[in-house]
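> Sequence:
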Amino acid sequence: MNLREIFSVVNDQKFLIFTLISFSIFIVWGQLVSPLSIYTVNRIGISKSQHGILFSINGFMVVIFQYLITHLIPDKKELSALWVGSLIYAIGYLSLGFARGFSFLIFSMVLITIAEMVITPSSQSYASKLARLENRGRYLAFYNLSQTFGWAFGPMLGGILLDTFPGRSIFIWGMISFIALLAALGFIIFKNKEN
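Quick note on numbering: the sequence shown equals residues 1 to 195 in full-length UniProt numbering.
Treat each hint with caution, since some may be false.
Below are the EDC-like pairs computed for lysine to aspartate or glutamate, each with C-alpha atoms no more than 20 Å apart in a straight line [said to hold, decoys possible]: (1) Lys191 / Asp12; (2) Lys191 / Asp75; (3) Lys129 / Glu194; (4) Lys76 / Asp163.
Quick caveat, the hints were computed from the structure, so don't treat them as lab data.
Construct all of the structure, not just a fragment, from the sequences and the given hints.
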């Protein structure tokens with residue numbers, strides 16, 4: 001399969017729109033590593049060991065609860081899960097703008113991790129359902145490519161926001177939350193057009 005074949009899925013307007021909405025949440029998802037790390041250590045001033053604990057919380061939550069959350073999302077309810085997960089992302093990242101210490105950051109990380117656990121299986125499951133059976137590999141390759149681009153563009157955007165807004169600015173995480181809210185709205189509109 002070559003790139004031309006992978007990109008042929010853009011002719012499927014419904015799949016393309018879903019992928020573009022998903023791309024916006026992948027940008028939000030991309031804040032988890034670099035921008036969040038820089039902000040918590042350099043701006044809020046937590047120690048590197050506390051920072052490690054934050055990511056351990058994320059990892060432990062995924063290991064312990066991912067299976068359960070995946071099974072709590074009913075079949076054919078992925079779009080609802082995606083808009084709810086996007087909303088939780090918006091709240092979680094916005095809460096970072098109000099964080100002043102490690103305890104509050106734990107709260108933010110728990111919300112962000114819940115959003116991650118809701119969105120990850122739902123997005124892949126729904127993309128798989130939208131994909132045409134005879135070209136499912138091509139469709140999912142395109143969808144996962146958009147996820148990779150979101151993960152690449154997200155930290156760049158986060159870095160620009162960190163450079164633009166010095167200190168512990170609410171605007172950094174307000175912008176990221178706004179993107180998550182746009183994704184939530186996009187998933188709601190997409191869901192309503194499905195019904």
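> Next step is simple, just say for each hint if it's right about the structure.
The hints, checked one at a time:
no.: 1; hint: Lys191 / Asp12; result: 17 Å, holds
no.: 2; hint: Lys191 / Asp75; result: 14 Å, holds
no.: 3; hint: Lys129 / Glu194; result: 13 Å, holds
no.: 4; hint: Lys76 / Asp163; result: 41 Å, violated
Taken one by one, the earlier hints fail for this structure only at number 4.
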